[in-house]
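These are the residues of each chain, in order.
2 protein chains.
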Amino acid sequence: MAEISASLVKELRAITGAGIMDCRNALAECEGDLQKAQMVLRAKGLAAAGKKSGRVAKEGLVTSYIHGEGRLGVLVEVNCETDFVARTQEFKTLAHDVAMQIAAADPRYVSRDEIPPETVEVERAVYLAQAKNEGKPDAAEGKLEKWFATVCLLDQPFIRDDSHTVADMVRDAIVKTGENIQIRRFARFRLGE
Amino acid sequence: MAEISASLVKELRAITGAGIMDCRNALAECEGDLQKAQMVLRAKGLAAAGKKSGRVAKEGLVTSYIHGEGRLGVLVEVNCETDFVARTQEFKTLAHDVAMQIAAADPRYVSRDEIPPETVEVERAVYLAQAKNEGKPDAAEGKLEKWFATVCLLDQPFIRDDSHTVADMVRDAIVKTGENIQIRRFARFRLGE
Chain A
15 MAEISASLVK ELRAITGAGI MDCRNALAEC EGDLQKAQMV LRAKGLAAAG KKSGRVAKEG
75 LVTSYIHGEG RLGVLVEVNC ETDFVARTQE FKTLAHDVAM QIAAADPRYV SRDEIPPETV
135 EVERAVYLAQ AKNEGKPDAA EGKLEKWFAT VCLLDQPFIR DDSHTVADMV RDAIVKTGEN
195 IQIRRFARFR LGE
Chain B
15 MAEISASLVK ELRAITGAGI MDCRNALAEC EGDLQKAQMV LRAKGLAAAG KKSGRVAKEG
75 LVTSYIHGEG RLGVLVEVNC ETDFVARTQE FKTLAHDVAM QIAAADPRYV SRDEIPPETV
135 EVERAVYLAQ AKNEGKPDAA EGKLEKWFAT VCLLDQPFIR DDSHTVADMV RDAIVKTGEN
195 IQIRRFARFR LGE
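Sequence lines, in order, name chains A and B. The end of the first sequence is residue 207 by our numbering, with every number in the run present. The end of the second sequence is residue 207 by our numbering, with every number in the run present.
No lab work stands behind these hints, which were simulated from the structure alone. It is possible that some hints are incorrect.
Same chains, same names: a pair is fine if it fits in one copy or spans any two.
[What the hints assert, rightly or not] EDC-like mimics (lysine to aspartate or glutamate), calculated; alpha carbons at most 20 Å apart, straight line:
hint : residue 1 : residue 2
1    : 72        : 83
2    : 50        : 152
3    : 72        : 207
4    : 24        : 111
5    : 160       : 193
Start from the sequences, fold in the hints, and give me the full structure.
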């Protein structure tokens, strides 16, 4: 099987907007051929949202969610392209669900891109050492993926349906609305923390 | 008039919880005598809140304020000492007023202590240069104070009554509730910014 570089995965991701794992699998399937991998993703419907994701999203909503009579609060900005979509009930529900997700699942970053590379390297080293100790060196990458799914909002299983990630939910909304949608930033305060 | 050092002002402030200008004035009045300055502040009622301000405030409220149908959002944590006070209408009103203040007046810091010293030095240098150009070198400190009143939440004139600062409003609440009250942190998102 061809070696799939991280930069190739990133490139495919930028073109298609598909998830990292989907891009890696598609590239592996096509032995690193970028054009073929795009076709594979499109055939699977995973690149449906992709063409939208380069477009400017400056409209949207800033939404809050307060839990436990003010013991926990979340503020989140979710962007779309037009005020029209921002005002739909569907978009409001998406923004509210994202705020509830952040309250419940306590992510530290919106996406992997936000994690300082040093932080990723430290985690990777820890999992590699653990995996070697356990005699399963191949398990390290899986553990790192699990960690991403804990700390990155987009990689987290969605609290209302954990067979999908938050990224999946955003992608669904892109397909439904026909607009680029992005979770831009969030703040989460727990009282006295 | 005695030279009043910043560290002396800070010390008096830590003891009494009074405002920076009040502390500086009291120290100037007493020629730098820390004990006398405390008496002056107490006599003026400005240290009334002071004894409270060392106490641990870990209860309170995380409150949000959303403006313009989701175009601007604020999340703020205001602390007090007991859940009992946190649940009072008075405390809820204070937290709400602070959130509205942040939305309207766009501070960058809660207090002066949060400003990186380099940032203050750059501002000071600019105002000194300006003041010299205008032939009024003494005007620099006044300009710096005005800048603090723009960027620091506690130094801002309160939007509902600009004869008082936000710090005054917090001090009033401390006196009324008998508890230490602190604005801990805030986030402010403007859509697409």
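Evaluated hints:
Within a single copy, residue 72 and residue 83 get their C-alpha atoms only as close as 32 Å, which misses the 20 Å cut-off; across copies the closest is 15 Å, which meets it. Neither within a single protomer nor between protomers do residue 50 and residue 152 lie at most 20 Å apart by alpha-carbon distance, with minima of 28 Å and 71 Å respectively. Only between protomers do residue 72 and residue 207 lie at most 20 Å apart by alpha-carbon distance; the minimum there is 8 Å, versus 32 Å within a single protomer. Proximity of residue 24 to residue 111 under the C-alpha cut-off of 20 Å is found in neither arrangement, the shortest distances being 28 Å within a copy and 45 Å between copies.
In this assembly of identical chains, residue 160 and residue 193 lie within 20 Å of each other by CA distance neither inside one copy nor across copies; the values are 30 Å within and 44 Å between.
This entry does not satisfy hints 2, 4 and 5, going by the numbered hints stated previously.
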